[in-house]
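Chemist: Whenever a hint applies, use it, and build me the whole structure from the sequences.
Taking our numbering, the leading residue of the sequence shown gets 1110, the next gets one more, and so forth.
Derived from the structure by calculation, the hints contain no laboratory data.
Please note: incorrect hints may appear among the correct ones.
As the list claims (entries may be wrong) - The calculated label-pair distances, taken between Cβ atoms and stated as ranges, are: (1) D1427 with A1328: 38 to 48 Å; (2) E1450 with G1227: 27 to 37 Å; (3) E1241 with R1402: 41 to 51 Å; (4) R1429 with P1453: 22 to 32 Å; (5) D1259 with L1282: 12 to 22 Å.
As the list claims (entries may be wrong) - No farther apart than 25 Å at their CA atoms in a straight line, the calculated lysine to any residue pairs in the SDA-like style are these: (6) K1255 with L1282; (7) K1255 with V1308; (8) K1309 with A1286; (9) K1417 with K1428; (10) K1211 with G1227; (11) K1434 with P1383; (12) K1257 with G1238; (13) K1255 with E1334; (14) K1257 with R1406; (15) K1390 with R1423; (16) K1257 with A1293; (17) K1255 with L1336; (18) K1390 with K1436; (19) K1255 with G1155; (20) K1390 with R1406; (21) K1129 with L1140; (22) K1265 with S1314; (23) K1309 with K1331; (24) K1211 with L1140; (25) K1265 with L1320; (26) K1255 with M1267; (27) K1331 with M1267; (28) K1436 with L1413; (29) K1434 with P1453; (30) K1211 with G1155; (31) K1255 with R1327; (32) K1434 with S1387; (33) K1255 with P1298; (34) K1257 with R1313; (35) K1255 with R1289; (36) K1417 with G1349; (37) K1129 with G1178; (38) K1436 with R1426; (39) K1434 with P1457; (40) K1309 with P1298.
Note that the structure is predicted; figures quoted are calculated from it, not measured.
No residue lacks a Cβ here, since even glycine has one placed at the ideal position from N, Cα and C.
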Amino acid sequence: MTETPPDVSLTIYLGVDTHKHTHHAAIIDHLGRPLADREFPATDTGHRQLLAWLAGTGSVAAAGVEGTGSYGAGLTHVLRRAGLTVVDVDRPDRRSRRRHGKSDQIDAYAAATAALTGRATTIPKTHDGNVEAIRFLHNARRSVVKAKADAITTLKAMIVNAPEPLRAALRPLTDAALLRTCAALRPDPIAPDHLISAVKTALRSLARRILDLTAESRALLKNIETLIVHTAPALLARCGVGVETAAQLLITVGDNPERIAAEGAFANLCGVAPIPASSGKTTRYRLNRGGDRQANRALHMIVLARLKYDERTRAYRDKRLAENKTKRDIIRCLKRAVAREMFPLLNPRTSG
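Modeler: If you want it as structure tokens, here you go:
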């Protein structure tokens, strides 16, 4: 579209549709009227070019950026460092795209409109502290755990189909003994018509990989624990909270937990805030299936651990069961209570 002459006294809103190699930026005025749009490289040079382009267009009230935690992370950091207010914009859903179409230009203007109307209010994570370090280590460990599980499944399937003498020797072993035995196998060189050598070689390779992945997983877990103790020392002291669940909750709130204003907002972010589902004379609430599902899973694991080891949690469960509450409703209530307990530990500024 044709750009309007710049007016530095004009209040404008920026919207950016981010991609791996390019970002498409658009600006609108305070009435939502399109003013200009342009594409920039997704590089440091491109970010500086975008800021220079904005300099003569007006006073930027807010910037709506898609994908602040992925393709837009670098741009978000640059915009915040330049003193701009940045909000995270969800990508348009399918219904909106069917109604308005899909292009980088359309998405950029939609992001600017979301910043103007207040539809987008989420403050992006800063991705610049200990929690970001935890996130990288946590993602690496998750990949290691998945690879280990796949290797164990493959190893046991191979044993089921192995030649009978080898299968009979390995079948009664415990998992730990099985890994040690397979890792210590000394097969003959691979040759035609020597199936047993190939099978032993494959089993040894998988067993050694599993042992290596186990050691790698433990090392990563130790590193994550060190950072958690430094970042939120009181978190691991709570019943049912382990390194895995603590790491996930910290990742959910980010390095700037003050962006979450209240514990109710945190509960909603984790998908444990109850949603009204009443009708007529029936008053009830249903499970919240939105929010960060990994954080929801972390709270669920804490609740299950407490139901097993915490006497107060078991007493609460028994009391609610006597009131004819379902197990699902009880767990939902417990997850909401755990979210309320965890919030001040994740956001120390609220604990005063």
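Chemist: Determine which of the earlier numbered hints do not hold for this structure and return their numbers in increasing order.
Modeler: Hints 3, 12, 15, 19, 20, 21, 23, 27, 29, 33, 39 are the ones this structure does not satisfy, whereas the remaining hints hold.
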